[in-house]
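**Student:** With chain B held as given, fit chain X onto it using these hints.
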Amino acid sequence: MHRRTLLGLAALPLSLPARAQSLAPPDGPVVLTISGKVRLVNHRQGASFDMAMLERLPQHSFSTRTPWYAQARKFTGPLLREVLAAAGGHGSLLRAVALNDYRVDIPVEDVQRYDVLLARLLDDQPMPVRDKGPLFIIYPFEQHAALRSPRYFSRCAWQLKAIELL
Amino acid sequence: MNAEPLPPRAATDAAPQRLSPWLSVTGLLLLATLLAAAFVQARQHALLSQTVRAQDDYLVLHLYQVEIEYLRLREQLLRNLDAPSASALQLRYDIFVSRVALLGGDRARRLLETSDPAGTLLRQLDAFTRRADLYLGSPPRAALSPTAAQALMAEMQALEAPIHEVMLTASHRVADQVTERQARVRDHNRIGLALTVFLLAMVLLFAAIALRQMRALDQRRRRLAQLADQLRDARIEAEAASAAKSDFLADMSHELRTPLHGLMGMLSLVRDAPRHPAAGDWLATADHSAQHLLRLLDDILDLSKLESGALTLHPAPVHLATLLREVHALLQPAASAKGLALQVDADPQLPPCLLLDATRVRQVLYNLLANAVKFSESGAVLLHCHRVDDGQGGVPQLAFDVSDTGIGMDRATVAGLFRRFSRGDDPRARRQGGTGLGLAISRDLARLMGGEIAVRSSPGEGSVFSLRCPLTPVEGLPLAAGGATAPADARPLQVLVAEDHPVNRLYMAALLARLGHPATLVEDGQQALQALQARRDAGQPPFDVVLMDVHMPVLDGVAATRALRALPAPLGGTCVIALTADVFADTRQRCMDAGVDEVATKPMSLAALRALLAQRFGLQAEAPAAAHAPEAAPGLIDRATVHTVRDLMGPTQLPALYDGFFSQAEEAARRMREAMRDADPEALRRSAHTVKGAALNLGLTALAEAAALLNREAGTLAAAHLALAVQRFEETMAATRTLCAGEGLLA
Chain B
1 MHRRTLLGLA ALPLSLPARA QSLAPPDGPV VLTISGKVRL VNHRQGASFD MAMLERLPQH
61 SFSTRTPWYA QARKFTGPLL REVLAAAGGH GSLLRAVALN DYRVDIPVED VQRYDVLLAR
121 LLDDQPMPVR DKGPLFIIYP FEQHAALRSP RYFSRCAWQL KAIELL
Chain X
167 MNAEPLPPRA ATDAAPQRLS PWLSVTGLLL LATLLAAAFV QARQHALLSQ TVRAQDDYLV
227 LHLYQVEIEY LRLREQLLRN LDAPSASALQ LRYDIFVSRV ALLGGDRARR LLETSDPAGT
287 LLRQLDAFTR RADLYLGSPP RAALSPTAAQ ALMAEMQALE APIHEVMLTA SHRVADQVTE
347 RQARVRDHNR IGLALTVFLL AMVLLFAAIA LRQMRALDQR RRRLAQLADQ LRDARIEAEA
407 ASAAKSDFLA DMSHELRTPL HGLMGMLSLV RDAPRHPAAG DWLATADHSA QHLLRLLDDI
467 LDLSKLESGA LTLHPAPVHL ATLLREVHAL LQPAASAKGL ALQVDADPQL PPCLLLDATR
527 VRQVLYNLLA NAVKFSESGA VLLHCHRVDD GQGGVPQLAF DVSDTGIGMD RATVAGLFRR
587 FSRGDDPRAR RQGGTGLGLA ISRDLARLMG GEIAVRSSPG EGSVFSLRCP LTPVEGLPLA
647 AGGATAPADA RPLQVLVAED HPVNRLYMAA LLARLGHPAT LVEDGQQALQ ALQARRDAGQ
707 PPFDVVLMDV HMPVLDGVAA TRALRALPAP LGGTCVIALT ADVFADTRQR CMDAGVDEVA
767 TKPMSLAALR ALLAQRFGLQ AEAPAAAHAP EAAPGLIDRA TVHTVRDLMG PTQLPALYDG
827 FFSQAEEAAR RMREAMRDAD PEALRRSAHT VKGAALNLGL TALAEAAALL NREAGTLAAA
887 HLALAVQRFE ETMAATRTLC AGEGLLA
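Residue numbers (the numbering used here), protein chains in the order written: chain B, 1 to 166; chain X, 167 to 913.
Chain B with its partners taken away, still in its complex shape (with noise of 0.2 Å):
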């Protein structure tokens, strides 16, 4: 378990400097703020992403069922670990935290192990906070069965807000 979270470790600065050395400051109102260890930062809390910037980053979409909906639904967006990469993050554990305060903890390595998604859009729509929006924290249920347990289901974070690295 510790061995891979240090080899999770290990790649992270590697992949960085080759995505951005800086991160520009964000356009439209912030939809999401990465704290604590980042390296990249446009805000005096950390880094700041709007939806445009999240929306620049490459795109990735599936469909699973989850908990929270009786059909699978399409969920889009870039990959939690690019959003981190983004921002320069580093860190073991990265905390999810909602708009009304929810907070989950959720191991880096999960991030590093699995292509979890940070969904911008359902069924290619966007998400509205009464539906759960803007952002959704979503483990690829259907590729992995171990995935499907009330742990992860736990890890989904929805009206996700911020990300604290720690």
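Don't take every hint at face value.
[Unchecked claim] Among the chain B residues that face chain X by a calculated CB cut under 7 Å, a handful are:
id: 1; residue: R95
id: 2; residue: L99
id: 3; residue: V129
id: 4; residue: R130
[Claimed, not checked] Residues of chain X placed beyond 10 Å of chain B at every Cβ, according to the derived structure:
id: 5; residue: L194
id: 6; residue: A198
id: 7; residue: Q207
id: 8; residue: Q231
id: 9; residue: I234
id: 10; residue: L257
id: 11; residue: S304
id: 12; residue: M380
id: 13; residue: R398
id: 14; residue: P481
id: 15; residue: A578
id: 16; residue: G738
id: 17; residue: R756
id: 18; residue: K768
id: 19; residue: A777
id: 20; residue: M842
Hints were generated in silico from the structure; no laboratory data involved. Predicted model only: the values in this text are computed from it and were never measured. C-beta: ideal position from N, C-alpha, C; glycine also.
**Tutor:** Below, chain X without anything else, positioned relative to chain B:
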């Protein structure tokens, strides 16, 4: 498991096969249990998966969040009553709506709608959202005025109690669900545990059965090995017995030849010099040898009967005193000859009548006493009869102790005394002339009676042999069978002899004459019956006894006896003694079944016949015989005629005359044989005729009769019967010649 190959079933080894079905049953149970366990586990897995997917547990959390967001929204609204359009209020409202939406999910709705307050709350929340969306929806359709905010606030206040209520209800329900699920899991666990325990038991049972089967197989293998050992031992024993029998045969043939040689030697001496002064002694010696030979043969027969189990006892009420007297009488001459005192006594407290096979007891006692006499040079031989109790409440025993003052025996000799076929071990016994079988036979007989023979002896101090058998007293004794109580009249017995062979017939007649009993001779069973009836019809004294040959033409002894027994009393009750040369048990049984009183073995000695009649008709029956002069072979020759011839011819010419006749008769017999061979009855008849006349003239009645028969029947008899008649003629001729030689009629 049960396919394990098993050797073919043996009657005694069914156990391993019986185990097999149990093994398969256990195996099947084991399989079923495993399947059940798998099923339970699958169910458990399904339950868990279902629980995870259902996410019912989260409903409570959602309700909490709804309540929290409700409170936050209300607080925000309260704070913004003056400037209600702030974006913070908008966010709080959106979050609140998203939380409420969670309650609208299918599963949550299903859970909540089961209770009235929840349904009402959902409807109230819907109504509130619809109204609030006017001002806070996206996009808002109207601006939120302070008045509208006040109204919304009032509506919100009304929601507080129901939200809290539903949250509590739901949390209780979910708690119930959790409890129920846990109970179900616990049930599953319990079933799983029971299955595991059962599985364990099955496995143990399975192992136990397998172990037992293995043990059974092992045991069987050991038993087979044991059996093989036993078979090997049995083979060795059989081989030893066979070798012993061969040795015994060699011994016996030697024993048989010795008296036979003696007999032949003595006879040749007599033949060469019939008038030698010692001829009488020679004949006595010959007779002694013949007796010995007969005894040997009797012993061998007894032994073979004992060995084959064919010898059966015939216990009958016996007068003990009589039995002892008989034994005393039998042995007295031998004892006297050696100058020994022979004393026989019985404990006076013994019952007078006992159930015993007198013949066999007598045989054993005779044997023991004869041995005692044989091995004692001086002193006395005692037979003491008394009762023995073992002191343990067992059956009381009758003991016959035979003690002597003889040479005694060492331990080794005693040990080998009863061993069969070991007669040659003791050279002294051989010298003493015993058969070496007497003791073995005696002991076997004793055991057959349910008793034993015990021996006490030491060298130089004499021996004590003790015959023991169960003591069975009986009340009284039937008169007919009694020796001592038999009528003391000395009348001669009327005897009917049915015997087809002329020589045997004449021999029996001679024996009976010696004993003083007049005999009537007939040739077959038919004639015997006729003779019996004729005598009754004529009012003459009835026959006392019929000596019946078993094998006879026309009507054999068995059939004749059966016919006789079918006759009305008193004729039907006539005593019948069957005579037979064969000693097979079934012949004896056949005779007994037909109603014969006694079966006697041929050849019959004078002593045997005397004993037989004595036993049947009392000791005194023979009394008048002693006085009688030996009337040799009545019927063979007519003494009156011979006397006349002797007078006529004078003693010097007489032998020539008879010699001449016998030469002619032999020549005639030879011619008869030739005539038979040539199937020429006329020639045969002629030859017979010549002999008939001469024989009649010389007083040779039997020979004349035989010749007359041939003369008369030559033309009518079948070849086989003719041959028999010729043979009879020859035998009669030989017998007559012997008699004539004895009478001094021949040269």
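**Student:** All hints, please: hold or fail.
**Tutor:** Evaluated hints:
Among the interface hints, the one on R95/B is violated; its C-beta lies about 19 Å from the nearest C-beta in chain X, farther than the 7 Å criterion. Among the interface hints, the one on L99/B holds; its C-beta lies about 5 Å from the nearest C-beta in chain X, closer than the 7 Å criterion. Because the beta carbon of V129/B sits about 4 Å from the nearest beta carbon in chain X, less than 7 Å, this interface hint is met. Because the smallest distance between the Cβ of R130/B and any Cβ of chain X comes to about 4 Å, under 7 Å, the interface hint for this residue holds.
No Cβ of chain B approaches the Cβ of L194/X within 10 Å, the least distance being about 36 Å, so the stated non-interface status holds. Non-interface status of A198/X relative to chain B is upheld: no Cβ of that chain comes within 10 Å, the nearest being about 31 Å off. Once the 10 Å rule is applied to beta carbons, Q207/X is consistent with being away from chain B; the minimum gap is 18 Å. A Cβ of chain B approaches the Cβ of Q231/X within 10 Å, the least distance being about 7 Å, so the stated non-interface status is violated.
The claim that I234/X is not at the interface with chain B is violated, since a C-beta of that chain comes within 10 Å of its own (minimum 7 Å). With a closest Cβ-Cβ approach of about 7 Å to chain B, L257/X is found to fall inside the 10 Å limit, against its non-interface label. A beta-carbon of chain B comes within 10 Å of the beta-carbon of S304/X; the shortest separation is about 6 Å. The claim that M380/X lies off the interface holds: its Cβ sits roughly 47 Å from the closest Cβ of chain B, which is beyond the 10 Å cut-off.
At the 10 Å boundary, the C-beta of R398/X stays outside the reach of chain B, the nearest C-beta of that chain being 73 Å off. Under the 10 Å C-beta cut-off, the non-interface status given to P481/X relative to chain B holds; the minimum distance is some 99 Å. The Cβ of A578/X sits about 97 Å from the closest Cβ of chain B, beyond the 10 Å cut-off, so the non-interface label holds. Non-interface call for G738/X relative to chain B: holds, since the shortest CB-CB distance, roughly 113 Å, exceeds 10 Å.
Taking the minimum C-beta to C-beta distance to chain B, about 99 Å, the non-interface status of R756/X holds against the 10 Å cut. Its beta-carbon lying about 111 Å from the closest one in chain B, K768/X satisfies the requirement of being farther than 10 Å from that chain. Non-interface call for A777/X relative to chain B: holds, since the shortest CB-CB distance, roughly 115 Å, exceeds 10 Å. The beta carbon of M842/X is kept farther than 10 Å from every beta carbon of chain B, the shortest such distance being approximately 120 Å.
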